[in-house]
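In order, the protein sequence lines correspond to chains S and X.
Numbered according to our numbering, the first sequence spans residues 1 to 536.
Numbered according to our numbering, the second sequence spans residues 1 to 241.
Any given hint could be a false lead.
Within a straight-line C-alpha distance of at most 20 Å, the following computed DMTMM-like cross-link-like pairs (lysine to aspartate or glutamate) qualify [what the hints assert, rightly or not]:
1) S:290 with X:119
2) S:307 with X:119
3) X:218 with X:29
4) X:111 with S:55
5) X:75 with X:119
Examples of chain X residues lying across from chain S (beta carbon under 8 Å, computed) [as the list claims (entries may be wrong)]:
6) 51
7) 62
8) 89
9) 90
10) 94
11) 101
12) 107
13) 116
14) 123
15) 125
16) 129
17) 191
18) 193
19) 195
Calculated from the structure, these hints are not laboratory results.
What you are looking at is a predicted structure, and each value in this text was computed from that prediction instead of being measured.
We treat Cβ as the ideally placed atom computed from N, Cα and C, and that holds for glycine.
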Amino acid sequence: MSKLLILTKILLKNNDNPFESGFSNKKKLGMIVLIILCFLPITFGFAASTIASYDMLAKLNLQGMLLASTMTLSCITMIVFGFFYIMSVFYFSKDIDTLLPMPLRPYEIIGAKLIIIILFEYLVELIILLPTLVGFCYKAGNPIFIIYGIIIFLTLPIIPIVVCGLISMVIMTFTDLVKDKDRFKFLSGMLGIVMAIVINILIRKISGPEALISSLRDNSDAINNASKAFPSARFAAFSLLNSSNISGLLNLIIFLIISIIVIVIFFAAAEALYFKGAIGISESTSKGKKLSHRELNKSSVKNSKLKSYMIKELKLLFRTPAYLQNCVLGGVIFPPVMLLIILFSNGGMSKSFNFQMNTMFFTIATGIILVTTSFNMICATAISREGESFFVMRYIPVPYRDQIIAKVLIGIMVSITAVVIMLITGAIVFKISSLMLIMLFIISVIGTIFYSFLGIFIDLKFPKLDWDNEAKAVKQNFNGIIVTLALLFISAFTSLICIFLNINLIISFFILLIVYSILALLAYKLSITKGISFLK
Amino acid sequence: MIEIINLNKSYNKTTKAVNNLNLTINDGEIFGFLGHNGAGKTTTLKMITGILNKDSGYIGINGIDITQNPLEAKKQFGYVPDNPDIFLRLKGIEYLNFMADIYDVDSNLRKERIQSLTERFDMSTALGDKIQSYSHGMRQKIIIMGVLIHSPSTWILDEPMTGLDPKSSFTLKQMMREHADSGKTVFFSTHVLEVAEKLCDRVGIINKGKLLFCGTLKEMREHFKTNESLEKMFLEMTEHE
């Protein structure tokens with residue numbers, strides 16, 4: 001047991017935590033505060049809506065549904081975010097090759113990794129579960145409720161995470177899929193995107209008081225069905241609901257016993273299965289075939305430095321599963337899909353979207369396009385992705401300016417692809433006029449140039465180079481969030497000005513054109529002057 | 001030729017990694033840079049190649065200042081880093097072509113060199129695979145080939161023999177000798193004394209950032225007035241510090 005704790009401590013220190021980044025401590029703290037501030041409205045929203053709907057549900061004696069639905073939602077979210085995180089921490093992390101030769105039992109390795117994942121899940125709970133608990137406590141709380149609440153907050157992640165862990169262990173032990181590690185990572189990532197979309201639809205069905213009420217009204221069993229999938233969440237909810245009497249305690253004990261049993265099963269499974277899946281995971285396949293004369297001739301054609309550098313960037317971007325998912329697919333496929341889901345989830349295809357092609361539509365559409373396509377983070381992680389190979393940028397005889405431009409060009413290319421797909425989706429759904437399309441396209445292109453250079457400038461200043469698996473370079477990187485927040489702010493600001501000053505469409509277009517052109521120019525200048533000085 | 005004058009580098013303003021280093025590596029010689037782990041070898045090599053900034057001093061490669069004219073200076077040398085785990089998702093052949101493009105090697109010449117290097121390093125069946133699937137030694141080889149493909153006049157190699165099999169190690173040493181004999185420069189670091197003893201025209205011994213000795217092995221032996229092996233001398237020198 002003590003080895004488990006020692007290992008946990010070491011793994012935690014060995015940058016296995018989500019706040020590890022290229023920032024100094026002070027800046028890191030600032031970022032955390034900023035992120036908390038961003039989530040604060042959502043958190044307040046959850047708490048406020050709990051308080052608001054409590055009375056109405058209490059009349060029907062259904063207030064417990066609030067707790068049950070939020071807990072189920074927390075479990076689902078933890079599974080979605082947890083599953084791939086678990087896969088990468090359990091099996092694809094670089095430390096596996098160091099840990100395997102040590103005289104450690106499988107349950108010690110996997111137990112330590114499990115604790116780290118559970119710590120990470122507390123962040124998810126912080127956003128999703130805590131507000132409801134606080135809101136509920138405000139309405140119906142007592143000291144025992146608070147104690148139960150803390151216990152449940154701390155133990156709730158165990159079951160969903162262990163379930164994910166068990167599934168991933170079974171998958172890794174019994175499938176041949178992992179022979180090609182890269183392909184497996186990519187496929188599981190695609191599955192993740194699909195799951196995220198499904199969850200999004202689910203969340204709309206089961207979460208929040210409105211969904212509760214509509215589910216009551218329609219007599220639908222969505223919530224009941226969902227919480228049946230997580231019986232443990234029901235026990236947790238009942239224990240809180242009945243915190244003032246003995247049945248609350250009983251439910252809590254049942255909940256804790258289930259959690260303990262699950263952990264025991266998990267450790268037993270780890271003892272039996274973990275090494276089978278983990279040993280040999282770092283092997284990679286090779287064909288070992290000699291290149292033919294033709295292949296050699298074909299591949300050995302001289303290219304310009306810039307083109308060659310861009311090809312290298314593109315290959316690394318598309319061949320690294322974590323980058324392909326997060327940067328390319330996340331940035332190109334996700335925005336239009338989300339757009340469609342949001343549009344059609346309330347009312348379906350029957351609704352027609354006949355927006356007026358006015359200033360409001362134009363400025364808001366620009367904002368949406370720029371913010372969502374900036375999710376690709378290609379430029380905001382361009383330096384971070386270099387990781388240990390960063391030093392190569394310094395010794396090759398290619399000017400820093402050219403290297404930066406090559407990286408930014410790749411980012412702009414992918415962003416513009418995303419813009420075009422968004423516009424096509426939009427044109428079909430909203431029946432956008434051709435003039436509007438052209439205006440949106442022009443502003444979006446200039447906007448992508450702006451945020452691409454802004455992204456690389458921020459990443460030059462705060463590169464996160466110290467990572468041991470590629471997902472960390474892009475997933476746990478604040479630089480992309482900064483860019484998205486900046487865009488959110490700029491587009492909200494310009495939209496409000498154009499809408500409230502009642503500026504007509506054409507003039508609004510020119511205002512945005514000028515604003516984004518100036519910003520793009522500034523970001524460019526900044527990147528190739530100050531940005532380069534960070535590299536030296 | 002590499003010229004280092006009054007070179008200084010400290011970390012955190014307290015630890016001197018390189019302390020007032022003066023060194024000239026002439027054309028036509030193999031120079032071995034010896035020292036313990038953490039003596040300052042890699043730091044020095046990284047400053048020469050422009051990966052690290054120096055605090056003060058002058059570094060010139062073929063007379064070109066790496067700080068004043070970094071791009072021209074970088075074209076003068078080829079560098080083999082101590083960690084060959086770079087560009088793992090590129091195939092061997094793609095990496096070689098990338099390096100050839102970066103250093104302006106034209107198509108016919110690069111094809112010729114790829115063929116001859118592949119043969120000499122016994123890599124013909126590996127070029128079509130991703131570097132990720134290579135063993136440590138193979139990664140080392142592909143990095144060395146990436147340097148040799150642009151045939152730089154100055155070679156800067158950080159622990160180049162680590163992980164190489166005996167045949168490749170022999171090939172590399174042979175190539176280093178050929179390169180120096182054609183009037184060009186080879187500068188490499190090692191802590192394997194035997195390698196230095198057999199290969200180097202001159203050696204420099206560095207400890208705690210300071211150059212303790214620089215000269216031929218003969219001079220070094222005279223310096224100590226004994227005929228003991230370099231290993232003993234080396235130990236003696238570093239122990240006295």
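Hint check results:
no.	hint	verdict
1	S:290 with X:119	holds, 11 Å
2	S:307 with X:119	violated, 29 Å
3	X:218 with X:29	holds, 15 Å
4	X:111 with S:55	violated, 79 Å
5	X:75 with X:119	violated, 26 Å
6	51	holds, 4 Å
7	62	violated, 13 Å
8	89	holds, 4 Å
9	90	holds, 6 Å
10	94	holds, 7 Å
11	101	holds, 3 Å
12	107	holds, 5 Å
13	116	violated, 12 Å
14	123	violated, 10 Å
15	125	holds, 5 Å
16	129	holds, 4 Å
17	191	violated, 21 Å
18	193	violated, 27 Å
19	195	violated, 23 Å
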